[in-house]
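K.L.:
Taken in sequence, the protein lines are chains A and B. The letter at position 153 of the first sequence is residue 153 when you use this note's numbering, and the numbering goes up by one with no holes. The letter at position 134 of the second sequence is residue 134 when you use this note's numbering, and the numbering goes up by one with no holes.
Simulated from the structure, these hints should not be mistaken for lab results. Note that CB positions come from ideal geometry on N, CA and C, so glycine has one too. Incorrect hints may have been included.
Claimed, not checked - Lysine-lysine pairs mimicking DSS-like chemistry, simulated, CA-CA at most 27 Å apart: (1) B:K7 with A:K2; (2) A:K2 with B:K9; (3) B:K76 with B:K55.
Unchecked claim - Anything over 12 Å on all C-beta distances counts as not near chain B; from chain A, calculated: (4) G27; (5) R133; (6) E159; (7) T217; (8) I224; (9) P381.
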Amino acid sequence: MKTVYLDNNATTRVAPEVMEVLVPYLGEYYGNPSSMHSFGGQVSKKVREAREQVAALLGAEPDEIIFTSCGTESDSTAVLSALKVSPGKRRIVTSRVEHPAIKALCERLGKEGYSVTEVPVDSGGNLDMDEYRKGLTSDTALVSLMWANNETGVIFPVEQAADMAKERGILFHTDAVQTVGKIPVNMKENVIDMLSLSGHKLHAPKGIGVLYVRKGTPFYPFLIGGHQEKGRRGGTENAPSIIGLGKACELAARNMETENTRVRDLRDKLENGLLKAIPFCRVNGNRSARLPNTTNISFEFVEGEGILLLLDQFGICASSGSACTSGSLQPSHVLRAMGVPFTMAHGSIRFSLSVYTTEEEIDVVIEKLPPIIKRLRELSPYWGENQACAV
Amino acid sequence: MWEYTDKVKEHFLNPHNVGEVENPDGVAEVGSIACGDALKFSFKLDENKRIQEAKFKTFGCASAIASASALTEIVKGKTLEEALRVTNRDIADYLGGLPEEKMHCSVLGQEALEKSIANYRGAPVKEPGEEIICECFGITDREIEKAVRENRLTTVEQVTNYTKAGGGCGNCHDKIRAIIDRVSTSAQPVAEPAARPKLSNLKKIKLIEEVMEREIRPSLRHDGGDIELIDVIGDRVIVATRGACASCQASEVTLKGFVESRLRELVAPELIVEEESR
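Go ahead and model the full structure; you've got the sequences and the hints to work with.
P.N.:
Structure below.
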C-alpha cells in the first residue's frame with residue numbers, strides 16, 4: 001500500500017538533496033567543528049555555509065542565526081532570555097492558540113509568579129488586535145505570537161504586532177515553525193527581535209532548530225557551556241543536521257513559488273472536493289489569511305480518532321484536533337478558542353501538504369473519505385435526527 | 001498512536017450489533033457529545049427474562065466503539081442479575097485490554113448497561129444525594145467511587161483515565177483525592193478480620209465450602225494434589241488430603257501454612273484445620 005502523506009505540519013520527509021549532503025558528515029567527516037585540525041575545520045566550513053543558507057532564507061545576517069536542537073528549545077530560549085534581560089517587567093503577552101512549546105511554558109511561568117496575557121482570537125482564528133493593543137502594558141517584558149497556526153494554518157499579522165510592541169519598548173518573539181519555507185519571511189522588512197524555526201518542518205531532519213536573534217537584541221543563553229554559537233548556545237554542534245538544514249533552506253527558497261501555486265491549488269482541490277462530497281462539514285479558520293498547505297475540516301457528529309484509523313487503513317496520514325487523539329480529554333485548545341462547537345471540534349481533521357504531494361494522493365482522499373464519514377455517522381447516536389438531510 | 005489489541009481493532013472495524021433494538025425493554029444514553037464520548041444502549045429480553053438482543057450506537061473513539069460492541073456480545077443470553085455483575089474490567093478483558101488512558105470507554109459501557117437495566121426496572125436513573133464532582137465532564141461522586149472501588153485506583157491520574165473526571169480544568173483534583181482516601185479507608189475494615197461479623201454455623205460451613213472450591217482446591221490440583229472437606233465441628237475444619245497431597249511429606253505444612261491461613265483470612269480467624277485421622 002502506498003502511503004498518502006498529508007501530515008506535513010507534524011513532520012516532513014527529509015528531502016533527497018538534504019540526505020545527500022548530510023550523510024557524509026555522519027560517516028566519513030565526523031570531525032568536531034571546534035577542533036584546531038583541518039579534519040574538524042572542513043566541518044566547520046560547512047557549518048558556516050549552512051548558517052549563510054539559513055540566513056539567506058530569512059533575510060537575516062549569519063550572525064543572527066543560533067542553531068538549537070528543536071523548535072521547542074528555540075521557543076524556551078527566547079522567552080526565558082527576554083524575561084532575564086528585562087528585570088522588573090514580569091508580564092508575557094501571547095495568544096490563546098499557541099503551540100504547546102509556548103503555551104505550556106507560559107502556563108508554567110504563570111505558576112512561578114509571572115503574569116500572562118492570552119490574547120483571544122475570533123471564530124476565524126484571527127488575532128483580536130484591540131485586545132492585543134490593550135495587553136501591551138508597561139510591565140510587559142515580551143510578546144510571543146505564532147506567525148501561523150499549526151492546526152488551522154491561519155496567519156497572524158506578526159509584523160504589524162511587532163511594530164506595536166517595539167513602539168512600547170517590548171521585546172517581540174515569533175514561533176515561525178510552521179511558517180518558514182511556506183510563505184516568504186524577510187527579517188529586513190520587520191522589527192521582530194526573535195524567531196524560532198524547526199528543521200523537520202521544512203524537509204531537514206528532526207533534532208535541529210534555529211533561533212534567530214536580531215543584532216543588538218539583549219540575549220541570555222539557555223544552554224550554558226562551551227563557546228559554540230558565540231557563547232549563545234553551548235554544546236557541540238549537530239553538524240550533519242545543520243548542514244542538512246542549510247540545504248533544506250536553499251531548497252525552500254527555490255520551492256516557495258511552487259508552495260504558493262501548485263501546493264495551494266492541490267489544497268484547495270482537496271478542501272472543495274471534500275466539502276462538496278460530504279454534508280455537515282466546514283473549514284475551520286480564515287480561508288484567506290492561511291498557509292497554502294493546510295486545511296482543517298470538521299465533520300459533524302463523528303469523532304476524529306475513528307476517522308484517522310479508518311484513513312490509516314488506506315495508508316492516508318492526517319491528524320485530528322479531537323480529544324481522543326490528543327492524549328488529553330479535551331478537544332484542541334485552538335478550535336475551542338475559536339468557539340468551534342463541540343460537535344464540530346471532536347470531528348476535526350487536519351490535512352497538511354508539501355511540495356511532494358501529488359494530485360493522485362489528493363484524489364485518493366476525496367474518494368476514500370466520504371464513505372468513512374458515512375460509516376461512522378451510521379454508528380453515531382447523534383446522526384439519526386439529521387439523516388433525512390444526508391446523501 | 002494508541003496501541004490497540006487486535007480484538008479492539010476487530011470490534012472497531014467490524015462492530016457487532018450496531019443500531020437500536022426495536023421496542024426495547026431497557027434503553028440508556030450515557031456520556032455527551034461535549035465530552036467526546038456518548039453511548040446509546042438498548043436491549044430486549046426473551047421469555048426467560050434473558051437478554052435476547054442488545055444494540056448500541058456510539059459517538060467516540062475507536063476504543064469506545066469497540067467497548068460498546070464488546071458489551072453487546074458479553075451481555076447476550078444473560079439474566080439481568082448476571083448482567084449487573086458485568087464490570088468495566090470484564091469489557092476491557094474481553095477486548096484483550098485497553099490502553100490505560102482509554103479505560104473510561106469500558107466504564108462508559110458498564111454505566112450504560114446499569115442505566116438501561118434501571119430504566120427497565122423503572123428505577124430512578126440518578127440516585128438521590130449524588131453530587132457532580134467534575135464540572136467539565138459531569139462526573140458524579142458515585143461514579144468516581146465505583147471506579148475507584150472496582151478497579152482499586154489510587155491516584156487522581158488513574159481516576160481521570162477511568163472516568164475522565166479531572167481531565168479538564170483540574171479544579172476537582174482535591175475532591176477526587178478525598179474520594180480516593182475515603183474509599184480506601186472504608187475498604188480497610190473489610191480486610192481486617194476483627195471487624196468481621198460473627199458467622200452463624202450454617203453460614204460458616206457454606207463459606208468454608210466456597211473458599212475450598214474457589215481458592216484452595218484449584219491451587220492444590222495445580223500441583224497434582226487435592227483436598228476434601230469432611231466435617232466442620234465448632235472451629236475445627238476436618239479435611240482429607242487426596243492425590244499427591246496424601247503421600248506428600250509436606251502436607252502438614254500445606255494444611256497449616258496454606259489451607260488454614262487462607263480459611264482464617266477469608267472465613268474466620270479462629271479456624272483450625274485438622275486432617276481426618278486415617
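K.L.:
Hint by hint, say whether it matches the structure.
P.N.:
Here is what the structure says about each hint:
1. B:K7 with A:K2: With Cα atoms ~25 Å apart, B:K7 and A:K2 stay inside 27 Å; holds.
2. A:K2 with B:K9: holds (21 Å)
3. B:K76 with B:K55: Cα-Cα ~10 Å, so holds.
4. G27: Given a closest Cβ separation of 32 Å, the condition holds.
5. R133: A:R133 clear of chain B: closest Cβ-Cβ about 29 Å, beyond 12 Å.
6. E159: Non-interface label on A:E159 holds, nearest chain B Cβ at 35 Å vs cutoff 12 Å.
7. T217: The claim holds: A:T217 sits with its nearest Cβ about 36 Å from chain B, beyond 12 Å.
8. I224: holds (34 Å)
9. P381: violated (4 Å)
In this structure, the one hint that does not hold is number 9.
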